[in-house]
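Protein chains: 2
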Amino acid sequence: MEEISLKTIANRLGISISTVSRALKNHPDIREETKKAVVQLAEELEYEPNHLAFQLLKRKSNAIGVIVPKISYPLYADAISGMEAVAEAEGYQLLICQSNEDYQKEIKQINSLIASRVSGIILSVSAHTTQYDHLLRIQSRNIPFVLFNRDCEQITCSKVLIDNHKAAFEAVRHLVSLGKQRIAFLGGPPHLQISQRREQGYRDALTWAGLVLNEELIQQVEFSKEVIMETISTLLNSPLPPDAILTYSDQIAQRALVMARQRGLRIPQDLALIGFNDEPVDELLEPSLSSIRQPAYEMGTEAARLIFKELNSAKFAYEKIILESRLMPRGSTMG
Amino acid sequence: MEEISLKTIANRLGISISTVSRALKNHPDIREETKKAVVQLAEELEYEPNHLAFQLLKRKSNAIGVIVPKISYPLYADAISGMEAVAEAEGYQLLICQSNEDYQKEIKQINSLIASRVSGIILSVSAHTTQYDHLLRIQSRNIPFVLFNRDCEQITCSKVLIDNHKAAFEAVRHLVSLGKQRIAFLGGPPHLQISQRREQGYRDALTWAGLVLNEELIQQVEFSKEVIMETISTLLNSPLPPDAILTYSDQIAQRALVMARQRGLRIPQDLALIGFNDEPVDELLEPSLSSIRQPAYEMGTEAARLIFKELNSAKFAYEKIILESRLMPRGSTMG
DNA sequence: AACGTTTTCGCAAACCTTTGCAGGAAAATC
DNA sequence: GATTTTCCTGCAAAGGTTTGCGAAAACGTT
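From first to last, the protein sequence lines stand for chains A and B.
If you use my numbering, the first sequence corresponds to residues -4 to 330, in order.
If you use my numbering, the second sequence corresponds to residues -4 to 330, in order.
If you're looking for bench data, these hints aren't it; they were derived computationally from the structure.
None of these values were measured; they are calculated from a predicted model.
Careful, some of the hints might be misleading.
The list makes no distinction among identical chains, and a pair is therefore deemed to hold if it is satisfied within one copy or across any two copies.
[Stated by the list, open to error] List of simulated lysine-lysine pairs, DSBU-like, C-alpha gap at most 35 Å:
no. : residue 1 : residue 2
1   : Lys310    : Lys30
2   : Lys220    : Lys53
3   : Lys53     : Lys161
4   : Lys304    : Lys53
5   : Lys310    : Lys161
6   : Lys31     : Lys161
7   : Lys55     : Lys103
8   : Lys100    : Lys161
9   : Lys53     : Lys30
10  : Lys53     : Lys100
11  : Lys315    : Lys20
12  : Lys30     : Lys55
13  : Lys20     : Lys31
14  : Lys304    : Lys161
15  : Lys304    : Lys31
16  : Lys100    : Lys30
17  : Lys315    : Lys53
18  : Lys220    : Lys55
19  : Lys310    : Lys20
20  : Lys2      : Lys100
21  : Lys20     : Lys304
22  : Lys55     : Lys20
23  : Lys55     : Lys161
24  : Lys20     : Lys103
25  : Lys220    : Lys161
26  : Lys31     : Lys53
27  : Lys20     : Lys30
28  : Lys31     : Lys2
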């Protein structure tokens, strides 16, 4: 009924708490006979050591804090999956929070994680985070800290990213090689640096290809479904519509694909499409959607690994891991 | 540099720890002047209360343990999202584990959560869990415990489910109303009771409609993509192929849709399809996929709410919440 | 000045574990 | 029989917080 502690076992056996503790740890100082009795009673009572007390003693919890914009974005779900695998192997657990793209909530959650004395924090900044004092506070407390996917140039810390500039550049190059001339870019939330870098990659690729840079073909969308549809609509209705679109996310590209289909546009002849993230369903669409694959699960494992690396080495240099992304050409570009 | 505790503040101010504690809690016993000094110094030193110590004192952590088969299944990602929202409002955090459909891992994680003294556990059993002693152990410790989505009849506890029998029944009724005669069922992992119940709903609906029950049209698939494709292939290649398929998950139905399309079958005339889960992409497929919507996010919020309800009331009766599922008829059944 | 009341604060216990050190008892050695 | 050695076990501190209770100080009243 009540909580079983070392004390419970000690009292029942008429020995001291420290003996019980050592017996359970198979300490050589303890007589075999005593050990046996202790272990048996512990099993009988279903004793589980109290992590809380241990953590208090060690002044840190065996938990890694994770803050992502939204757990249900497939990329983050996969990344968390990867972190969980590494953490589990190290005997750690994950404390997972979602910022819901809200800057204030991000701050609150960081404070909460600090109060919980997590051993490390892994974070992808929200779309509305423009100040970074709260991130500096993590570092000033010497808590191992890793940024992944959504970077933040102003902060110097370990990072796990892909080369967004290069990924966008190559996507555009692919479109150019197919003879596309009026290539549009549907970017994500403007404050997100990964969105900015993808846009820059897009711009640089156009310049590289000697194509005209048309600002009307560059749009930014937030996450709402309605805004996305409206922006796509405007773009397709313009007097000189694009013949190809590169988007910030698959969510946008998938929607564009359906809307283009409904308008009777031939894909990819009239309009080619490339998305970002390579969600599993991309290959099920008609036509299947070309997309840039990001190693989401691996991002998670690498981020977690960096935390433990920092945790286990006295002096530690920040590490920046750039994982390979890969364009997956499919029906929406290759006819 | 070093850890800031109540003691640090107390020493600096030459007062006792308990006074500092009370001052920060705005206890009426403390003089305004003292409070002001304490609060100011606390802010200056960026004091964050140590949750670990508090939790040890209260003999429980402010965390809810969550075990799901896989975080990256959209249904679980959404459900976790819902739990997180409720937990956050209550000042709690989520400890998230994934069993990866592994029975042994599920046991290990439950023990680990118990050792962490979580305030409650929310669980969806793995596909390979056939014994339930580990779940009983949770209850014998009086830890609030909620099962969601994947039920387990042998355990009496609070639950958040949908009526899987009814959902499958109505899906079949829909297919029958379209004139379908040879309706197949592609079930999930055989040990999962939700899979069994969906199958039973399917069977009962056929009987109700006066249709022949053909065991060859009932197949079970595990989660691997290859097995799914092979099973679908066999089904479509049989001498008397089905004219409709109800599947355990959207993942299966989506794949069936693509394979049928590739074979030149007309959907829904030659083959109608209904999936389970109503994933967002269903409406983007060609034709769009009919599916049974499950309120995943709401399952999460309700499950979390039940934990807190149990946590906050001395005597508590188990509660079983059946949420409404809803058939979303689309192109794969409605031409 | 004596007493009562209120205001303000500190002591100490409790939560559970780990671990350095000391100490007791038995065994071994001289 | 005395001393050393070996083996086993217990004491106590530490980690940070909350809180009941007691006590000191300040104030008010007669």
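Here is what the structure says about each hint:
1. Lys310 <-> Lys30: neither (39 Å within a copy, 39 Å between copies)
2. Lys220 <-> Lys53: neither (47 Å within a copy, 45 Å between copies)
3. Lys53 <-> Lys161: Neither, since 44 Å and 52 Å both go past 35 Å.
4. Lys304 <-> Lys53: For Lys304 and Lys53, the Cα distance is within 35 Å both inside one copy (18 Å) and across copies (33 Å).
5. Lys310 <-> Lys161: within (32 Å within a copy, 60 Å between copies)
6. Lys31 <-> Lys161: For Lys31 and Lys161, the Cα distance exceeds 35 Å both inside one copy (62 Å) and across copies (54 Å).
7. Lys55 <-> Lys103: For Lys55 and Lys103, both the intra-copy (20 Å) and inter-copy (22 Å) Cα distances are at most 35 Å.
8. Lys100 <-> Lys161: within (32 Å within a copy, 40 Å between copies)
9. Lys53 <-> Lys30: both (25 Å within a copy, 30 Å between copies)
10. Lys53 <-> Lys100: Both, since 29 Å and 26 Å are each at most 35 Å.
11. Lys315 <-> Lys20: This pair counts as neither: shortest intra-copy Cα distance 39 Å, inter-copy 42 Å.
12. Lys30 <-> Lys55: For Lys30 and Lys55, the Cα distance is within 35 Å both inside one copy (29 Å) and across copies (29 Å).
13. Lys20 <-> Lys31: Close inside one copy (12 Å), not across copies (47 Å); limit 35 Å.
14. Lys304 <-> Lys161: within (28 Å within a copy, 51 Å between copies)
15. Lys304 <-> Lys31: Neither. Shortest intra-copy (37 Å) and inter-copy (41 Å) distances fail the 35 Å Cα cut-off.
16. Lys100 <-> Lys30: So Lys100 and Lys30 pass the 35 Å test across copies only (28 Å; inside, 49 Å).
17. Lys315 <-> Lys53: For Lys315 and Lys53, only the intra-copy Cα distance (29 Å) is at most 35 Å; the inter-copy one is 41 Å.
18. Lys220 <-> Lys55: Cα proximity of Lys220 and Lys55: none, with 42 Å in one copy and 42 Å across.
19. Lys310 <-> Lys20: Cα proximity of Lys310 and Lys20: one copy only (30 Å, versus 38 Å across).
20. Lys2 <-> Lys100: between (41 Å within a copy, 29 Å between copies)
21. Lys20 <-> Lys304: within (26 Å within a copy, 38 Å between copies)
22. Lys55 <-> Lys20: both (21 Å within a copy, 24 Å between copies)
23. Lys55 <-> Lys161: Result: close neither inside a copy nor across copies, 40 Å intra and 49 Å inter.
24. Lys20 <-> Lys103: between (39 Å within a copy, 19 Å between copies)
25. Lys220 <-> Lys161: Cα proximity of Lys220 and Lys161: in one copy and across copies (28 Å, 31 Å).
26. Lys31 <-> Lys53: So Lys31 and Lys53 pass the 35 Å test inside a copy (28 Å) and across (32 Å) alike.
27. Lys20 <-> Lys30: within (9 Å within a copy, 46 Å between copies)
28. Lys31 <-> Lys2: Within one copy only: 17 Å inside a chain, 41 Å across chains, cut-off 35 Å.
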